[in-house]
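Participant: Listed below are the residues making up each chain.
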Amino acid sequence: MSRTFAIRLFAGILLLTGSWIAYTQNTGKQPPQLTLNKVKDDLYEIEGDGGNVAVYITNEGVILIDDKFDQDHDQILEKVKSVTNQPIKYILSTHYHADHSGGNAKFLPTAEIISTANARTNIEKHIQSNAPPGVMPAKVVFTTESAVFLGGKEVRARYFGRGHTNGDAMMYFPALRTLHTGDMMAGTSPLIDYPGGGSVVEWTKTLDAVMNSGWDFDTVIPGHGPVTTKANLMTYRNNVEKLRTRAASVIREGKSMDELGKVMTAEFGWMPGSLQFQWSLPGMMTELK
Amino acid sequence: MRKTLLVRFSTAVLVSVGVWVAYTQTPQSPPNKIEKLKDDLYVIIGNGGNVAVYVTGEGVILIDDKFEPDFPDIMAKVKSVTNQPIKYVLNTHHHGDHTGGNAKFLPSAEIISHANARANIIQGKQPGPPRVVFSQETAVFLGSKEVRARHFGRGHTNGDAMIYFPALRTIHTGDLMAGTSPLIDYGGGGSVVDWTKTLDGVMNSGWDFDTVIPGHGPVAKKADLLAYRNNIEKLRNRVSGLIREGKPKDDVAKVLTAEFGWDPKGLQMQRGFEGLFTELGR
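So the protein lines, in turn, are chains A and B.
Note that the working numbering has the first sequence beginning at 1, numbered continuously upward.
Note that the working numbering has the second sequence beginning at 1, numbered continuously upward.
If we strip away everything but chain A, and leave its shape as in the complex, we get (with noise of 0.2 angstroms):
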């Protein structure tokens, strides 16, 4: 009896601190710190709480790269407000999941927003299995390129297959030779969201076609992480073809979904329980059988 109470009396303690923990890591209340730093001429980019938001100044307006969550509306207006007193006009979305299109709701009434026309169904048909509610699509969508001109200057969005998702659009700042992936290129090893249309046997060739597509850039801004450079870029698709290779060659040899798991684990850092072993573990069994 006693036995049973301490354990009873244990577990209560352990759900209220993870209660809190939770609770103090999802209120909302407090989104965590962004910091903006400077990339080139007019090119800013804000890292912190979801994906990377680059930030193009021009004289007759801002086009954002993505709006993270849409608790970090207030802090990306602050950011921006501190290199430019020009309004926000255009938001180009590299993809549906919410860390980078969940400003989307807060952002439309004053600007435009464009995304791949799957991203934007991918919203419309609440895709992501862990998004908060209420995302909002872009009202504006395209099926291959896009480009915004403002003030002279000019960012492009092309869609060059599936990867991430089946809607990632990369972006390019001809002037500024410089690229922004999405999540083409996130972190140190690719989150492959099946259910939201990803792929690994076509992010190489996707990735493939953004080097041989003639966009001439040298600085890349990754979805997630610091800015880096072309030749990281390239390391990051060969990891993906090696984990791909591997990943094929695990489950060729009929081995489970448990232990090519603890292969992503051992080899390529992905954590049990990620979204990684959520969203892209199934699928690839299925892919790369």
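Just so you know, these hints were derived from the structure itself, not from any lab.
For clarity, every value in this text was computed on a predicted model and none was experimentally measured.
Heads up, a few of these hints could be off.
To be verified - Some residues of chain A that are not near chain B, with every Cβ distance over 10 angstroms (derived):
#, residue
1, A117
2, P137
3, V140
4, A147
5, T188
6, G214
7, H224
8, G225
9, G254
10, K255
Unchecked claim - Simulated pairs of lysine-lysine, BS3-like, Cα-Cα distance not exceeding 27 angstroms:
#, chain 1, residue 1, chain 2, residue 2
11, B, K247, B, K265
12, B, K247, A, K89
13, A, K153, B, K104
14, B, K79, B, K145
15, A, K79, A, K89
16, A, K153, B, K265
17, A, K125, B, K104
18, B, K234, A, K89
19, B, K145, A, K106
20, B, K125, A, K89
We put the beta carbon where it would ideally sit given N, CA and C, even for glycine.
Following the hints, put chain B in place on chain A, whose structure we already have.
Facilitator: What follows is chain B alone, placed relative to chain A:
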């Protein structure tokens, strides 16, 4: 001194006459009228290209915006059917009778065109280049309604978009259908060879439509668009045949006038004639 005065006087007279001529030739009170086509879809027919007006609960989407002087009349015609503001203008191509109002609409509306249409506007130093372009297909979602614009290939120019209203089974062809016989703007990247392929492209696109708003002229049916397409093929074959027979250019021009109604001094001759020999002369 006297001579200077005379020169000044003559100059003033000349300028006055010039202004008057420009004034009378620039349409001042265009004979536009607005017609209801289907639920929430209207067409403004008259001066310049046909303007489609799609009314939604969050604003109005226009297809094309005629000439610059038509701007106040377009605003008035739209106001006569809705209080919603004009939020989007989709351009079917770069010509001034379809994009002339762009500069006036740009401060308050998003204008979207094909990338080549914008490039042609810039090259022609026309006012009001769109800020947003697309290469293959784009769509605007407003007030739960959708309008699609797709580039199916060359034809009238190298940057023609056809526009689709899925809920209303209606397309706007821009000048890929206009009048009775094609104006091939070779200087703007047009092609009589690709034109029929481009129209086949929309026919086989999966776009389900029965009603066709042409670039100019009365609203038509899908069958009329097919007849228009076949007439282009006929024109192309006829001219190809004459060129292969080695007929002089004057003879070809006479056939185009007699059999296809091309005005000897019209834009079809000015922009579409010489290019036919280059494109079909192999």
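Participant: State for each hint whether it applies.
Facilitator: Right, here's what the structure says about each hint:
1. Chain B draws A:A117 into its interface by the beta-carbon criterion, the shortest separation being 6 angstroms against a cut-off of 10 angstroms.
2. For A:P137, the requirement that its beta carbon stay farther than 10 angstroms from each beta carbon of chain B is not met, with the minimum near 7 angstroms.
3. Annotated as non-interface, A:V140 brings its C-beta within 10 angstroms of a C-beta of chain B; the closest such distance is 6 angstroms.
4. The beta carbon of A:A147 sits about 5 angstroms from the closest Cβ of chain B, which is not more than 10 angstroms, so the claim that it is off the interface is violated.
5. Even its closest Cβ contact with chain B, about 33 angstroms, leaves A:T188 beyond 10 angstroms, as expected for a residue assigned away from the interface.
6. Against the 10 angstroms criterion, A:G214 stays outside the reach of chain B, whose nearest CB is about 13 angstroms from its own CB.
7. For A:H224, the non-interface assignment is confirmed: its Cβ lies about 27 angstroms from the closest Cβ of chain B, beyond the 10 angstroms cut-off.
8. With a cut of 10 angstroms on Cβ distances, A:G225 stays outside the contact zone with chain B, its closest approach being about 30 angstroms.
9. With 10 angstroms as the threshold on Cβ separation, the claim that A:G254 sits away from chain B holds: the shortest Cβ distance comes to roughly 42 angstroms.
10. Every beta carbon of chain B lies more than 10 angstroms from that of A:K255, the smallest distance being close to 42 angstroms; the non-interface claim holds.
11. For the suggested pair B:K247 and B:K265, the alpha carbons sit about 20 angstroms apart, so the restraint of at most 27 angstroms is met.
12. Between B:K247 and A:K89, the direct Cα distance comes to roughly 57 angstroms. Violation of the 27 angstroms bound is thereby established for this hinted pair.
13. Among the hinted pairs, A:K153 with B:K104 is consistent with the structure: their alpha-carbon atoms are about 21 angstroms apart, no more than 27 angstroms.
14. A hinted pair counts as satisfied when its Cα atoms are at most 27 angstroms apart, and B:K79 with B:K145 qualifies at roughly 20 angstroms.
15. Distance check on the hinted pair: A:K79 and A:K89 sit about 15 angstroms apart at the alpha-carbon level, within 27 angstroms; holds.
16. Only pairs whose Cα atoms come within 27 angstroms are accepted, and A:K153 paired with B:K265 is rejected, the gap being roughly 41 angstroms.
17. Restraint check for A:K125 and B:K104: not satisfied, since their Cα atoms lie roughly 37 angstroms apart, outside the 27 angstroms limit.
18. A threshold of 27 angstroms between alpha carbons decides the hint, and for B:K234 with A:K89 the separation of about 48 angstroms lies outside it, so the pair is violated.
19. Note on B:K145 and A:K106: the hinted pairing holds, with a Cα-Cα distance of about 21 angstroms set against a maximum of 27 angstroms.
20. For the hint pairing B:K125 with A:K89, the CA-to-CA distance comes to about 25 angstroms; that is within 27 angstroms, so the pair holds.
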